[in-house]
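J.: Given only the sequences and the hints, what does the whole structure look like? Please build it.
In our numbering, the protein residues as written are 237 to 532.
These are computed hints drawn from the structure, not numbers from a lab.
Please note that a few of the clues may not be correct.
To be verified - Simulated DEER-style distance windows between Cβ atoms:
{"no.": "1", "residue 1": "K427", "residue 2": "D339", "range": "50 to 60 Å"}
{"no.": "2", "residue 1": "M421", "residue 2": "H401", "range": "17 to 27 Å"}
{"no.": "3", "residue 1": "Q274", "residue 2": "E518", "range": "49 to 59 Å"}
{"no.": "4", "residue 1": "I353", "residue 2": "L520", "range": "44 to 54 Å"}
What the hints assert, rightly or not - Calculated cross-link-like contacts (lysine-lysine; reagent style DSSO-like; alpha-carbon spacing at most 27 Å):
{"no.": "5", "residue 1": "K449", "residue 2": "K405"}
{"no.": "6", "residue 1": "K427", "residue 2": "K347"}
{"no.": "7", "residue 1": "K449", "residue 2": "K466"}
{"no.": "8", "residue 1": "K383", "residue 2": "K427"}
Built from N, CA and C at the ideal position, the CB exists for glycine as well.
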Amino acid sequence: MTMQADKLKGKEIVLYARSLAPSLSTKEKRIATFISNQYQELANMTISNLANHLQVSESSVTKVCKKLRCEGFYELKHAITEYVSNGEESINDELHEDFIHTDDNDNILEKVFLYSIIALQDTLAVINRSALSKAVAALQSLRGESKLILVGNGGSGILCEDFQHKLLKIGIFSILYRDSHMQLMGASLAKRGDVVVGISHSGTSTDVIDIFKAAQKNGAMTICITNHVKSPVTEFSDVVLHSSARNSPITGENAAARIAQLNILDVLFTALSLHRQNLSYENLLKTQESVSSHRT
Numbered sequence: 237m238t239m240q241a242d243k244l245k246g247k248e249i250v251l252y253a254r255s256l257a258p259s260l261s262t263k264e265k266r267i268a269t270f271i272s273n274q275y276q277e278l279a280n281m282t283i284s285n286l287a288n289h290l291q292v293s294e295s296s297v298t299k300v301c302k303k304l305r306c307e308g309f310y311e312l313k314h315a316i317t318e319y320v321s322n323g324e325e326s327i328n329d330e331l332h333e334d335f336i337h338t339d340d341n342d343n344i345l346e347k348v349f350l351y352s353i354i355a356l357q358d359t360l361a362v363i364n365r366s367a368l369s370k371a372v373a374a375l376q377s378l379r380g381e382s383k384l385i386l387v388g389n390g391g392s393g394i395l396c397e398d399f400q401h402k403l404l405k406i407g408i409f410s411i412l413y414r415d416s417h418m419q420l421m422g423a424s425l426a427k428r429g430d431v432v433v434g435i436s437h438s439g440t441s442t443d444v445i446d447i448f449k450a451a452q453k454n455g456a457m458t459i460c461i462t463n464h465v466k467s468p469v470t471e472f473s474d475v476v477l478h479s480s481a482r483n484s485p486i487t488g489e490n491a492a493a494r495i496a497q498l499n500i501l502d503v504l505f506t507a508l509s510l511h512r513q514n515l516s517y518e519n520l521l522k523t524q525e526s527v528s529s530h531r532t
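T.: Following this line, the structure appears as structure tokens:
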């Protein structure tokens, strides 16, 4: 089940509303947040009930419904009611319990792992397969002097380092600067045929936005991985790969989202490896042999 440009199903609507909310106006954000967090209550509500409850206009509700790829409130309500009635949502809600101060180590262990499992399941539900194919094709098209530039700061930069490490194992060289000024300098020299892959969880990092803006202006292909589908960085992204992670009072969205984003990068890596199967295997043997003497 994937979230494409056509109609969304119940679970996809809930996840898309959560991702879309940060980019909306105050009133629209209130509506999207309700749909994301309290969707079970929609079954017994009319559009008037919802508008009055949130102190917004019915036209605002309809507008948000359309942004969620529904014709109107009735279609959205029907899709979510169907999702709730099949029992799938109750399983996720039961699993996704907040941390509390009385949690022992066993509880913490289970909750941390379950947060990651749910993030992976939700990301699998919302990721755009067409965009993923486009990203793989762009990476496969790198030739000769074409550069692969990786961009990410903080925890996102660590994910980029892991991706760079995997790529090097199969003989694909990439550029990763951890200094934001060097990242901007590299983007200013990017050209058509180059590919820039960047990770910004919020999609609001001004460094990443400026880098993508410069790279795209120079004709490079820009691929972003973000948890917020309409965030500012997506305006300068040729391809958007969307992770989906819920917020936690302690770990935030980032912790579980990084697991999902790491898996997205692993999909890109695996697709590249299979595309270059013989060469990848040959280079993998070479790189493994190069470090084998450093193991006891």
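J.: So which hints don't hold here, by number, going up?
T.: Going through the list in order, the structure violates hints 4, 5, 6 and respects the others.
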